[in-house]
Amino acid sequence: MAETYIGAPIKRREDVRFITGTGTYVDDIKLPHMVHAAILRSPHAHARIRDIDTSRAEALPGVVSVFTLKDIGELDATVPIRMYKIPGLDKYLQPSLARDEVRYVGEPVAVAVAESRYLAEDALDAIDVDYEVLQEVMDVREAMEDKVLVHEHNGTNLAGVHHVSIGDADKAFAEADYTRREEFRVHRFTGNPMETRGIVAHFDRGKGELRVYGATKLPHLNRQTIAAFLQLPEHKCHFEENDVGGGFGIRGELYPEDFLIPFASVRLGLPVKWIEDRREHLLAANHSRQVTCELEIAARKDGTLLAIRAQIYGDMGAYVRTHGGLVPCSTGALLTGPYRIPNYQAKIHCVMTNKTGLGTLRAPGRVESCFYRERMLDMMARDLDLDPVELRRKNLVTPEEIPYEIGFTRPSAHPTILDSGDYASALRQALERFEYDEMKGIRGLQEDGRYHGVGLSYFVKNTGGLEPYEGARMVVGEGGGVSVFLSIAQLGQGHETAMAQICADALGVTMDAISVFHGNTDLSPFGWGTFASRGTVMAGNAVHLTALQLKDKILEAAARHLDVDASGLTLEDGNIVQPGTEAPALPLGELVAHMRESITPEQGVPELEATAYYNSNNITHTYGVHLAHVAVDPETGVLEVLKYLVVEDVGRVVNPLMVRGQTVGAAVQGIGGVVLEELVYGESGQLLTTTFLDYLLPTSTDVPPIDDLVLEEAPSPYNPLGVKGAGEGGIVGTAGALGNAVSNALGIEVKDLPLSPDRVRAWIRARGDG
Amino acid sequence: MSTKSILNLTVNGKAYEKLVEVRMTLADFLRNELDLTGTHLGCEHGVCGACTVIMDGEAVRSCLLLAVQAEGATLETVEGLADGDRLHPLQAAFQDRHALQCGFCTPGFLMTATAFLKENPSPTDAEIREAISGNICRCTGYQPIIEAIGQAAPEAGGKPRE
Amino acid sequence: MKPAPFEYYCPETLDEAVSLLEQHGDDGKVLAGGQSFMPLMSLRLARPSVIVDLNRVSGLDGIAANGDGGLAIGALTRQRALERDAELPARNPLLAAAVPLIGHFQIRNRGTVGGSLVHADPAAELPAVTVALGADFVLTSAGGERVVSAADFYLGYMATAIEANEVLTEIRVPAWKAGRLWAIDEVSRRKGDFAMVGVALWADMDGANCADACITLFGVGGEPVRVEKAEQRLKGAALDDATLKEVERIVSEELEPDSDIHASALYRREVGGVLTRRALRAAAERGTEGNGA
Ligand SMILES: Cc1cc2nc3c(=O)[nH]c(=O)nc-3n(C[C@H](O)[C@H](O)[C@H](O)COP(=O)(O)OP(=O)(O)OC[C@H]3O[C@@H](n4cnc5c(N)ncnc54)[C@H](O)[C@@H]3O)c2cc1C
Ligand code: FES
Ligand code: FES
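Chains as they are written, first to last, in the numbering used here: chain A, 332 to 1101; chain B, 222 to 383; chain C, -1 to 291.
Since the hints were derived computationally from the structure, they do not count as laboratory data. Here the structure is a predicted model, which is why all the values come from computation and not from measurement. Keep in mind that a hint or two might mislead.
[Claimed, not checked] Computed list of lysine-lysine pairs in BS3-like fashion (alpha-carbon distance at most 30 angstroms, straight line):
1) LYS175(C) to LYS243(C)
2) LYS243(C) to LYS974(A)
3) LYS239(B) to LYS27(C)
4) LYS1082(A) to LYS175(C)
5) LYS361(A) to LYS339(B)
[As the list claims (entries may be wrong)] Rough simulated footprint, nothing fancy, chain B against chain A, three-plus residues with beta-carbon under 8 angstroms:
6) 731 to 737
7) 805 to 819
[As the list claims (entries may be wrong)] Distance ranges between label pairs, derived from CB positions:
8) ALA176(C) to ILE227(B): 53 to 59 angstroms
9) GLY305(B) to GLU1043(A): 40 to 46 angstroms
10) SER56(C) to GLY780(A): 48 to 54 angstroms
11) VAL1011(A) to GLY57(C): 43 to 49 angstroms
12) VAL1011(A) to ASP304(B): 45 to 51 angstroms
For every residue, glycine included, the Cβ atom is placed at its ideal position computed from N, Cα and C.
Next comes chain A alone, as it looks inside the complex (with noise of 0.2 angstroms):
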């Protein structure tokens, strides 16, 4: 056995059936006599229906059912506000089908169900709808205006609003000696796991039980509402995660479609599959990101920072899904990062328009908020002639100030409080391992006639926490095999076996022994889901005490059995020990055996098991630095990212191969969302980007090798484990560490993405000598 499995760059379980092509995704799955469902999509940004005619599509060979809102009758339900219910936002819910009117190009209208995906979709074609035309808005001031409403009913487009306050910011921009304003704009992108969505569900009319495969991310809470809609038990309901190709905030939340198909599988009594493709995806799917800011800072001449000040819009899209108010909620939660600004005030818009609807994406609003502070620093930096180093160093919280309470910064009962850190010393390692103090003399026109610059960004995130529990339950079994059953998703993390790590140490046996099993809801009788990079925090700990209750039971089970006192007895590799004695070990699968044949009543269970739940509100915060080198080439606006490091302290690594993982790929996600990916809306509210030839996901040519640094200076004080989520840190800084490193290349202040070359080439011309 290694020292610890924790910590050890343990190769992965589950890549096995992966590289063998044995993986079982949710398009896999085949039951008998299953059919095929494909959803008829608006085609107009903004409509009336007046008749919808599916007579033609019903009379096709091989189509079984077409159905619309009219069907589904009074079950009618629209899909929930999962985080920040902020008030107003409830009067803005997404029906399954849509009701009178059409908000967005490819909003749900009608469903065909059919003998292949092939006759299905040639059903949709047979679906006559007439549609009265409505003037749309697309863009968030106008529908500031209220002049055109998306929901003419609620008489508004701002669906809700909420306010941030902590110290008098005003007054601290009165008394300031420097104070800025700027208007920053990210734009709106989308998550693209490679695997789209996808359902199969089987209503099981015989046992009155519905299974749905494909669930993912959270699958008791997708259970709860799909089961209260179509009036089934929730036990007759089991909903079951198979293999996932990538989550990364949009896949696994809830959607109109997972109302739909089991809804059309209860009605017919088959099986019903429905996989995404990848237009629906585009246009169905969350979109995510497009926060506005109106950000004003406040300082003193050396820099101190005393206040900010910030309007924020969010573009909800036609209807607030399930965590539509998070993304611009969240860009207000951490919008002043590591550092000490006493006075902080903000203003969240929530706005309705013409649009798919918005949810997360990988760090959803803190990629936003990092990104207009950061470039707001350098800004300030360059007004009043200061290193930008110095200026983030002098304002970073320090580890004297933590725990660090900056206030109530979210719509929650909880106030932001930096955990755990030393800011200071992530800054310098990050400086010295990308050899900063050399490279940030390259600035401006270089040898290659490219213009090269260097750009930092400092960021905390927040991860696990947010939702209250994570739950385990292990049992031994033959063998001395333990299963470990857990409540939370897997969405290509590699939890199988970072569990199993965490297992192994806390237990004392050895991982072989161990397997792990996760995203059923039968498993667990409750679980709220892996997002917010919260499954190591959460699942992690959950894993970690249940291990140590176990073996609490394993030793007094072994020590009844041996006659022997429990507090001399340990668990060592699978085999229970008396140390300092000559006592041969017991191997925990002989215990088992005798406790199988042998079970007395007052033994209790006849297997050794235990149940656990990691209970916590508080959240950890990781924190890092992104530096970034990136060449531009003036005439043709090309950006060229030449070297990119991460640094995060993660508190504890639990497997540095999954970490490094994590980290390199959302580096790259976020390189590609900052530099290629836009979703585009074009005349009368047409999104242009239904396709991966127009919406540009980053390839292998497109980025450079990324260099990160995990530091672990800071476990979190909150858990056992001392472990904070390493998903998301790769990703927060990279808006704010391009687009500081392409302002100095340039001379220019970039203040919104992403970096095309055509707004390059735009930056250039604009400053007059390009």
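For chain A, the structure is supplied; the task is to place chains B and C with the ligands on it using the hints.
Just chains B and C with the ligands now, with coordinates in the frame of chain A:
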């Protein structure tokens, strides 16, 4: 000629004869008719590379072929890479280097790399980067994939390792 | 994202293929490499009721020497076959350099020369290169053959001179002139993407001065755009900085591109000029070394 046709082909060394819809793509045929679900669909319009298979020795997008076009062809898919329980060197290297997370893109990368290494058994990192630029991975950031292909190159240029 | 139904024919001779097209008129569509057409069908942006698959028609592929020292390229020749042809860089370095810019190797494994030319994406490399090279296209129908020059073939946004009953069967590329300078350059959002702007050009020199030149841009309009005014400016001039700057300006002024989600019209005008200047410089710097016969 009608909308169905008899198709004969060999996949991973096994011969098949099937009646297929002429409009069915090769990817759907492999997945739905032969139950070889290791070949994935990430876009169905030729950009992501998840559906890459090797047809008569060449890496191709199976979403951009009709199944009927594979008449008489010899196909290799990810399911045929390993030799029984013995992983192909590329598969082993992908695990060693943590070159996959969700694994959805992985079959496409493996098949692309297999074809590529046959043609260029000792590539530079830059050549590997170029070769895989037609495959999209959303999880790994590509670097570990490049490392894995580099690691496997000496062995994978030819056959599975002994 | 699945194709609408169609009837499928897989002829083995050209005669069969063209008579099928004749028979089905506008309902029929030719399938070559499928790298552009299959996505259109899957997205149901194209819904032909009859597909005539050329892939088994014999005699439509291969790269042969033309009588006059040029090349005769079968329309069904895979782009990859050109890329692998060891002789091609010597026989036509511009064409050889253009091919690897198309998509990715898996795309080129299937994509055909003829498919790219008939598909006529305004940002595609091969249409512009064939225009620059003065190639001729052989179009075959049941009624016989006709030959159309590349320049006459392209008629505007994705519109060409080919009729529904015709198959492009051969591309005839004139002999490469000894000593010719050439270059191809493009800017795309990502490697392998269609170009936002690109240029393919050559110049024949008489001593230090340019005797003849052809400058063709792609991605800057509905079809490949030849900038004759810039070519005129080059003729008789040395490829010095002043001339190249002038050429850049002329190209920028002459182009009338559209805006799309990837680049504005202004960007395309500017960068069209820049790329032309850079390509000319690269051509001059490379000189005639390795430039074929
Ligand atoms: C991801 C991706 C990236 C790409 N990048 C590029 C790029 O950078 N540059 C580029 O130029 N292309 C690119 N392409 C397109 C690719 O080059 C195609 O191969 C080409 O455009 C079409 O050739 P094809 O043989 O595949 O034709 P098909 O797709 O089979 O046919 C295209 C059209 O031409 C017609 N046609 C084909 N052959 C003939 C013929 N002989 N006679 C009459 N009509 C015919 C068809 O009816 C159809 O209308 C890309 C494609 C993909 C999927
Ligand atoms: S599924 Fe074939 S390339 Fe994406
Ligand atoms: S491993 Fe998830 S897309 Fe590549």
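Status of the hints after comparison with the structure:
1. LYS175(C) to LYS243(C): Roughly 26 angstroms between the alpha carbons, so the hint for LYS175(C) and LYS243(C) holds.
2. LYS243(C) to LYS974(A): 33 angstroms, violated
3. LYS239(B) to LYS27(C): Within the cut-off at roughly 26 angstroms; holds.
4. LYS1082(A) to LYS175(C): Not OK: LYS1082(A) and LYS175(C) at ~51 angstroms, beyond 30 angstroms, violated.
5. LYS361(A) to LYS339(B): 35 angstroms, violated
6. 731 to 737: violated (count 0)
7. 805 to 819: This one is violated; 0 residues, fewer than the three required, reach chain B with a Cβ under 8 angstroms.
8. ALA176(C) to ILE227(B): 53 to 59 angstroms: For ALA176(C) and ILE227(B) the Cβ distance comes to about 54 angstroms; the hint holds.
9. GLY305(B) to GLU1043(A): 40 to 46 angstroms: 41 angstroms, holds
10. SER56(C) to GLY780(A): 48 to 54 angstroms: 51 angstroms, holds
11. VAL1011(A) to GLY57(C): 43 to 49 angstroms: The hint (43 to 49 angstroms, Cβ to Cβ) holds, given that VAL1011(A) and GLY57(C) are roughly 45 angstroms apart.
12. VAL1011(A) to ASP304(B): 45 to 51 angstroms: Since the Cβ atoms of VAL1011(A) and ASP304(B) sit about 47 angstroms apart, the hinted range of 45 to 51 angstroms holds.
The structure shown violates the earlier hints numbered 2, 4, 5, 6, 7.
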